[in-house]
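Engineer: Using the supplied hints, reconstruct the complex from the two chains, each of which is provided in its own coordinate frame.
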Amino acid sequence: MALLSKKDTNLILDPLADNNPITIQVLGICSALAITAELNASLVMAISVMFVLGAGNVVISLMRNIIPSKIRIIVQLIVVATLVIIVDQVLKAFAYELSKTLAVFVGLIITNCIIMGRFEAFALANGPWRSFLDGIGNSLGYGIILIIVGFFRELLGSGTLFGIPVFGDPIAKTGLYSTGYENNGFMIIPPAALIVVGIIIWVQRSRNPALVEEN
Amino acid sequence: MAVNTDKNVYTVVFAGVMVVVVGSILAFLASVLRPLIQENERFEKQQNILYAMGVNENGDDSGSVNFIPTDVVEGEFSTYIKEQLVIQGGEITQNDEAYLIDLKKQLANIKKGKEYKLPVFIGDKDGKKFYIIPMYGKGLWDAIWGFIALDDTMTVQGVYFDHKGETPGLGANIKMRYFMDDFKGESILKGSSYSGIAVAKGNNDPLNNTKDDNEVDALAGATITGNGVSAMISETVKLYKPYLETIRAK
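Protein chains in written order, with this note's numbering: chain D, 1 to 215; chain S, 216 to 465.
Check the hints yourself; a few may be wrong.
[Stated by the list, open to error] DSS-like cross-link-like pairs, simulated, lysine-lysine; straight-line CA separation at most 25 Å: (1) S/453 with S/390; (2) D/100 with S/416; (3) S/399 with D/173; (4) D/173 with S/416; (5) D/100 with S/320; (6) S/379 with D/100; (7) S/426 with D/173.
[As the list claims (entries may be wrong)] Derived DEER-like restraints, expressed as beta-carbon distance ranges: (8) S/241 with D/98: 12 to 22 Å; (9) D/73 with S/420: 46 to 56 Å; (10) D/169 with S/240: 44 to 54 Å; (11) S/461 with D/181: 46 to 56 Å; (12) D/194 with S/453: 35 to 45 Å; (13) S/225 with D/94: 36 to 46 Å.
[Said to hold, decoys possible] Residues from chain D shown here face chain S by an in silico Cβ test under 8 Å; the list is partial: (14) 34; (15) 38; (16) 41; (17) 43; (18) 66; (19) 71; (20) 75; (21) 82; (22) 85; (23) 89; (24) 104; (25) 144; (26) 168; (27) 188; (28) 191.
Note that these hints are calculated values from the structure, not bench results. We put the beta carbon where it would ideally sit given N, CA and C, even for glycine.
Chain S extracted, bound-state conformation (with noise of 0.2 Å):
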């Protein structure tokens, strides 16, 4: 078959017939796993918000991060998730579905001053109450995000990052176990203001024995998303005060 391949015309339906092809595969993928797609997302934001928690796999082993399973992680989330909170408007209510709010969608509300909802889901493990929030912000290349387990004296109980593209063997290493468990004490107050905690470099304490310095020690090659971890922090912080304060008050 001779067919011209330099005339304009084959140029531009070829174009044409290649982007209704390419789009239909892609647009007929997405819908059929979307589903399947969505189901696993939730069960991940779930294993998350248990894992700042401390309810994990993690063991006596240091080394790496073990969430729930997938297959139980439903049942373990509603154990252990005692209440799911909706801030808005400075009016509290409860939501059973409230850890399933975008944060990222909230956060561009407040920007364009509209209407918003802050999530607070509060767990309970043997006894001991966790307040776990929320968290957002930009790493080097893209979006970084995670949630922070305190308690009521506003110490941290356990903290867990996610990237969507920071390099990997560098800034990637922000959800590392070794970078999460140094948050594990730290307090998000410094004095009695809510000033979250720094991911410092040259704080000359890379063993994180001082937990009173709201001060962890940075990952090597890595400065800017380190900064983007401090500036989430710090953020999320300043966005829950008045929610934390009525906490540190009971």
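Same shape as in the complex, but just chain D (with noise of 0.2 Å):
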């Protein structure tokens, strides 16, 4: 028996394009706008997600059975605020110099809407083994968002990508700079990331029809 059926391959592959968390599904839009402006943050933001999504999408697959409906939120959010600390304090404790990289990231992972909505949506009512697929193929498909998006807008607005410059020295004015080409401030701020993402889900949906809503 393969590791993986036909259906539980497409629980990874399906968000990566046709039902990408960011575009078609319109969450994690938030975190999406805030930490684009740089690639590296992006890469870090879409690694955090993935383990995240993908052991909290297992606990609460796990205890689908037993959560009363009525506070299933609560219980969700607690799952996730632990899930987070618990990670922070041991990399707090173990591996200090990530933890400062990742701290401002705790926030941002709590408030993430694609955890809360994949819970929701799909690990109260699958098994674990699914849900584990359908967390790391969510964030695999919020993390390709957010890298393309924060490609363009850091090698735009600053000129470099992972902080290497690769348009020359924009103040001393040298390489592409001597052309009177000039950085873009504009994408550095939030607005330029909706805009990018605007852009990716016109180029997707003209792409495949089927993804257009009727009105």
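Structural biologist: This is the structure:
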């Protein structure tokens, strides 16, 4: 028996394109705006969300039959918060440098609607293994968009990628800047992320008209 | 096992059990890890103080912030930091644990009108004296803090900034090397008044060549964090003014 059945594979692959959490489900937009000014931050956030969503989906799925439906949202919130705090504390004790880098993401992960959204939509109704795959798939889909947006925002806004200058020095006017090119400061601020996400949605829906909602 | 999860009693019991279980896990974890975390935080403070006075591993690499490694920081700290002083009610005393004073609490005491302690660290590197002062203030989302190293002419020799939750890529860039390095050589004095250093937009000096304007170039997209840094420096300078005047007079 293969490790992943066809259905399981779809759980991972669907969110990458046709059921992408950001562009199709429209979840996790807020963090996509906040932290995509730099590629590095996008990558760290994508990895953190993958961990929390994978683990959280499994925990919620294991508890799905005993969670009282009236307080399920609160229970989900507690599970996410607990997981994030445990990771944060363990990192602070054993990998302090890394925890400093991740500290700013902690709040963003707890309030990330992708996590609550997947708990609610998937983990509450499916077994742990499939929930785990769903978590990984959705966080990959989320991560891809984050990285695409981060790539364009950092490149056009700061002229760097992962903090490394690619166009030359904007102040000393070397490289591309000697031709009169300027960094676009607008790309640094959050509205630019909305525009880039909008363009991705546009491209995706023109290529696959089936995704366009009927009004 | 058929449990009716819709009953109110079940809901209340479930909530109660969940709180106890999660609470115990977190409390246990916190108490086990606390000594390790505190030790890490102590090293970090030492690294930050040393960083501000230029004791770091930056070398010729102009891009990133490189601290003294944690395994040697304690020794280096006692080598370079000659005196740790505590200013309390006009009295200055020596205290080797002054660097552990939580400035946030002291600032809260000032607000409440209670007694407060202000730490100062005197460093010595290659025969040059550094007066290192801790700072604490507000950014956009949460706390920001740092250290500023001055010489006896009130010229900045180095700074270190850190923050709790500023936006990555925007306000979080106050702890980037290119921002912190701009402060070197600026004076906290404007004429004879202790004005601090402003993080200014549109000062037409992105390379920061002008060192006598009490201004450094702001970060794009981080206006409020930048204003927080300006406010933090000017508040700190005001607070330490009586002490700074005694150094200047020497």
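Engineer: Evaluate each hint against the coordinates.
Structural biologist: Each hint, compared with the structure:
no.	hint	verdict
1	S/453 with S/390	23 Å, holds
2	D/100 with S/416	28 Å, violated
3	S/399 with D/173	23 Å, holds
4	D/173 with S/416	20 Å, holds
5	D/100 with S/320	22 Å, holds
6	S/379 with D/100	9 Å, holds
7	S/426 with D/173	22 Å, holds
8	S/241 with D/98: 12 to 22 Å	20 Å, holds
9	D/73 with S/420: 46 to 56 Å	51 Å, holds
10	D/169 with S/240: 44 to 54 Å	51 Å, holds
11	S/461 with D/181: 46 to 56 Å	52 Å, holds
12	D/194 with S/453: 35 to 45 Å	41 Å, holds
13	S/225 with D/94: 36 to 46 Å	39 Å, holds
14	34	6 Å, holds
15	38	4 Å, holds
16	41	4 Å, holds
17	43	11 Å, violated
18	66	7 Å, holds
19	71	6 Å, holds
20	75	7 Å, holds
21	82	5 Å, holds
22	85	6 Å, holds
23	89	5 Å, holds
24	104	5 Å, holds
25	144	18 Å, violated
26	168	15 Å, violated
27	188	4 Å, holds
28	191	11 Å, violated
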